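Novice: Throw the hints in and build the complete structure from the sequences for me.
Residue numbers (the numbering used here): 2 to 69.
Just so you know, these hints were derived from the structure itself, not from any lab.
Some clues are possibly wrong.
No farther apart than 27 Å at their CA atoms in a straight line, the calculated lysine-lysine pairs in the DSS-like style are these [stated by the list, open to error]: (1) K4 <-> K30; (2) K4 <-> K33; (3) K49 <-> K33; (4) K24 <-> K4; (5) K30 <-> K16; (6) K25 <-> K4; (7) K30 <-> K69; (8) K16 <-> K69; (9) K4 <-> K49; (10) K25 <-> K37; (11) K30 <-> K13; (12) K37 <-> K13; (13) K16 <-> K4; (14) K49 <-> K69; (15) K16 <-> K37.
Please read all numbers here as calculations on a predicted model, not as lab measurements.
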Amino acid sequence: MAKVIFHEERCKGCKLCVTVCPKKIVIMKSDKLNQKGFHPAGVEEMDKCIGCAFCATICPDCVIEVEK
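Specialist: Now the structure itself:
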């Protein structure tokens, strides 16, 4: 099973990862702010992740790591 790790402190909230996820499991955490003042991205349903790494590839700030 794949696992996605978000380094939330680096996230600028651009939402690019949200738009490319084929399973639509990447979300913006609207109830949380990081140290930069942005709502970070994250995954709530990790069991649905297929490990495609589209999110990690498109992220301009290297926030996301995918482990397979």
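Novice: Checked against the structure, which of the hints given earlier come out wrong?
Specialist: none
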